[in-house]
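Given the sequences, and given the hints that come with them, work out the whole structure.
Each chain is listed here by its residues.
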Amino acid sequence: MESLGELGRRVRFWLHRSEANRELEEEMQFHLQMKARQYQEAGMPEREAPFAAQRQFGNPLLLKELSSDAWGWRWLETFLQDVRFAARAMKQNKVFTAVAVLTLALGIGANAIMFSLVDGVWTRPIPVRDPRGLVHIFATDQKGQPDTISYPDYLDFKAQARSLADLFVEDRRGPTLKGDGWTQPTLTVATSQNYFTLLGVGAQAGRMYTDNPEPPGEGPILVLSYNLWQRRFHGDAAIVGRAVRLMDTAFTVVGVAAKGFRGTELGEEVDLWIPMASWDVFSPNDSKDRRFHDFVATGRLRPGATPEQARAELQLIAARLAANYPNSNAGRGAILKTDFEYRVAMQHYQPFLLLGIVVLVLLIACANVANLLLARGEARTREIGMRLALGCSRLRLIRQLLTESLVLGAAGAACGLALAAGGIRLLPAFFQSGGLLVANSGGQPIANEFLLDARVLVFTLLVSLATVLFFGLLPAMRLSKLSPSRAARDGAPRARGGLLRGPGLLVSAQVALSFILLMSAGLLARTLIQAMHADLGFERKNVLLLEMVPPGNHDHAMAFYDGLIDRLRSLPGVRRACVTLHPPMAGYGGGFSDQVEIPGYLLPPGTPKLEIHQNRVGSGYFELLGARLLRGRVFDAHDTAKSRGVAVINHTMEQRYFAGQDPVGRVIRIGLGDNARDTEIVGVVRDIRVNTIEEQPEPYIFLAYSQAANWAEATLMVETAGDPMRYANAIRRAGLALNPEVDISPPTTLENTVQDRLQGSRTTATAVGILAMLGLILASIGLYGVMSYSVARRKREIGIRMALGARFGGTVGLVLRRGMTLAGVGAAAGVLGALAATRLLANMLYNVGPYDPMTLAAVAAVLSVVSLAACYIPARRAVRVDPAVAVREE
Amino acid sequence: MSSSATGNAPEHGRAEIPPGTLYMLILKTLARLGPLHGYGIAQYIQQVSEDVLQVEEGSLYPALQRMLIKGWIVGEWGLSENNRRARFYRLTPDGDKQLSVEVSDFERVTRALMRVIQPASGQPA
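Protein sequence lines, in the order shown, are assigned to chains A and B.
Numbering (the numbering used here) for the first sequence: 1 to 890.
Numbering (the numbering used here) for the second sequence: 1001 to 1125.
Worth flagging that the hints you see were computed from the coordinates, not collected in a lab.
Idealized CB from N, CA, C, for every residue including glycine.
Wrong hints could be hidden among the right ones.
Computed cross-link-like contacts, DMTMM-like style, restricted to lysine to aspartate or glutamate with a CA-CA straight-line distance of at most 25 angstroms [claimed, not checked]:
#1 LYS94(A) - ASP82(A)
#2 LYS1070(B) - GLU26(A)
#3 LYS1070(B) - GLU77(A)
#4 LYS64(A) - GLU1056(B)
#5 LYS337(A) - ASP141(A)
#6 LYS1070(B) - GLU6(A)
#7 LYS1070(B) - GLU65(A)
#8 LYS481(A) - GLU26(A)
#9 LYS259(A) - ASP453(A)
#10 LYS1028(B) - GLU6(A)
#11 LYS1070(B) - GLU25(A)
#12 LYS1028(B) - GLU1076(B)
#13 LYS64(A) - GLU1107(B)
#14 LYS642(A) - GLU597(A)
#15 LYS259(A) - ASP119(A)
#16 LYS64(A) - GLU1057(B)
#17 LYS1070(B) - ASP119(A)
#18 LYS64(A) - GLU1016(B)
#19 LYS1028(B) - GLU23(A)
#20 LYS1097(B) - GLU6(A)
#21 LYS1070(B) - GLU23(A)
#22 LYS1070(B) - ASP69(A)
#23 LYS609(A) - GLU680(A)
#24 LYS158(A) - ASP211(A)
#25 LYS337(A) - GLU265(A)
#26 LYS288(A) - GLU214(A)
#27 LYS158(A) - GLU6(A)
Which stretches of chain B does chain A cover? Using the computed rule of at least three CB atoms under 8 angstroms from a CB of chain A, they are [as the list claims (entries may be wrong)]:
#28 1020–1032
#29 1062–1071
Residues from chain A shown here face chain B by an in silico Cβ test under 7 angstroms; the list is partial [claimed, not checked]:
#30 GLU6
#31 PHE57
#32 CYS415
What follows is the structure, given as structure tokens:
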């Protein structure tokens, strides 16, 4: 134990170390003189006495060092000494330093960027009070599967569960927000009143709604997200207290949520929050119907309560609800997940895969630097042999060599961070418009989440330290094992394998790692190609999409759409036009789902009622999409609000629920309770992809848009001759000419919409592709470097061979064989590694197996060509050597 | 290499200073004589021990530095008996305390050693 006073004295000594050293020297000098005098008095000749004293005293330099060891800072001084030495060596060897630092910078920089990405989206906790203390509560359905809960159930759980301190619910919706000259769909969260209080999220401007009742007569209210406030209202605080129009209803803005709070899900970007009481203006039944379970519940445990207690209690309450409300709650239970369990269940593991891939790249980079150090070490054998011969301990030598690696690593990390700082700024653009990351519903990339903050810095620091150990330890250990006598005698050891075994091994490892990287990139690229050419069940070429909201009710809207489509017919280049609530693949989650009763189809006992996704489409929809009609008819002008409700179902629904019978003409019941309506099936169409390219076909119902009494907004789909965007302005003008009040969103195309769905695969494939290329380049530099080095060392041998008449081809072959053996061993290991690793990718792949032989063959071919090139250049250089020069040189 | 130093300083009859006792010897010397320089300390120990204990310079100066750091002694520059500049070490109150700790520890160990190497009285041999 060191007392504070002692530490203080140590520091004081160290600060005045040159003075202390001088004093020590003077003191010793005095001692020597006294001793000499003593010897002299004892009768020694005057000339000899000082020398005798000196001999008795020992080595004053060593003694001084031993004495100053007492201050305990020598390790620091030697470290600084080593650093200075390393810096000098780096300055002398500029090319070596530049290559090593650049290699490390690429590896470390890529890691820092990837970590900031992963951290920004998936692992950084959401900015609320005690995020890890949140618990998530789900209902379970009759099969025991987790399900969302209904609002009345939530109120009962909240009131009765004594192990919970508080509980809130939220439900994600997508109403359209209208401003001056713009409309935008929003991600809106309808919540219970206590949402912000429980989360501990404050206001950036205005106030958050709380459990306290709103002042009477206010009408519906909402809270803006910081980002929406900035984007649409330019951060103007005057918006608080003013009204905005949401789906043609005026909502008063009471506040703006604190900057950085984007909702409770990682990676989501909420635009608006609305308390349930205000949401009721749209659908008052949502908060009253126990069968409408659409809410996600989150809460906090009461201090002292355990998750187990809460689980037991929630089960009990659920059982009581099931007994009291058998119609809606029979067979339903409740479960609780801690925040950790919830995250695990969400399986956000794709980013960690990317992080794993980027670590592979770093490993390749490390191997390169290790090889450089090994090669340089050989050039230094004489120096190191000398040190060892002079009594430098192996440990001390390893320490010095590691310090040199540390300096390299620090330089690499610094440059890597600089690269990362630039790269991170490019990330939002790279991930523009959805895809890998969840962009907000306005299509704006999440820009403020990628930071070069303390977390990224700490991560980079740890990675760099690991890197230094990885690339520095092997060369250091190897060099310290040199026999001093041999090293001093003949300088570099002869080319007898020896030290070259290490580089060879590293190169093989690099090739193996590259193989895995290329295989991953190849599989993802194949997935993308497969997805791009997948048969979606509809034709996506030359279709313009225009989202519009005409004023007035459904009837007004219908009249507007009919009139517009009529006008468009006379527009040159327009082939067909129709309306739909949602175009396919537009990311609306398959439309709304509703309970469906199919007379004659017997549900297996104990299963819940059928819920089937639906969309509303106008007449002409299937013709425009080229979706093949299998049976019956599609919608036409005779299907109106006044005629009988009609539906077209997809092939999967026919097969699943109408085994062998013709569904056309059958009547099904769609909806809940009083809202349920009889609907006649008039046709069956081939399956079309609704949400994603990879999805498995599910039963699906198309209803006539003309019979959608609640809806006025729709997307106009126009099939054109040639590039649809060319017609956008004309169509827009036609719409505004018909009714200047109509809101029309910026145009897009069906092709773009489908492409957007591929954005995730594309981004991942691009990212992995870039990393794989980086890995391949680094690995081929490694192979090239090691082969060049080996050729340089065998210059004399090759010179003699050539002088003795060896053939040109034979000598090239000699070098090539060795290089290709290294590459071959690496590739073999790479195949095994890839087979093990690509299984992790399996659920990111589409129509491609993880062991896809084509990709395997392509990767092998690419690696062979690159390896051959990397070996051939040094091999050719070898045979160009003039034998006379080579033999004489050494 | 001839050894003329040994000619003036007889080797026989000398012992190494038992490990761990150098601090105690230095502290005791300072406690008895007051401020003293390194050479003086070495000489005194040698003389008082009748040349049995030889203080190696190789351990004296590192020990003095460590004691400075620990705060048991302080060093002050002054003039030696023959008017040379020398660093005189003086005991601090902490050093005084440390001395009694070291001495009692040493006595305890010595007593224990004696008990082990001398047959206990009254016991049959």
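Which numbered hints are broken by the structure, listed smallest first? Hints 8, 13, 17, 27, 28, 32 contradicted; others consistent.
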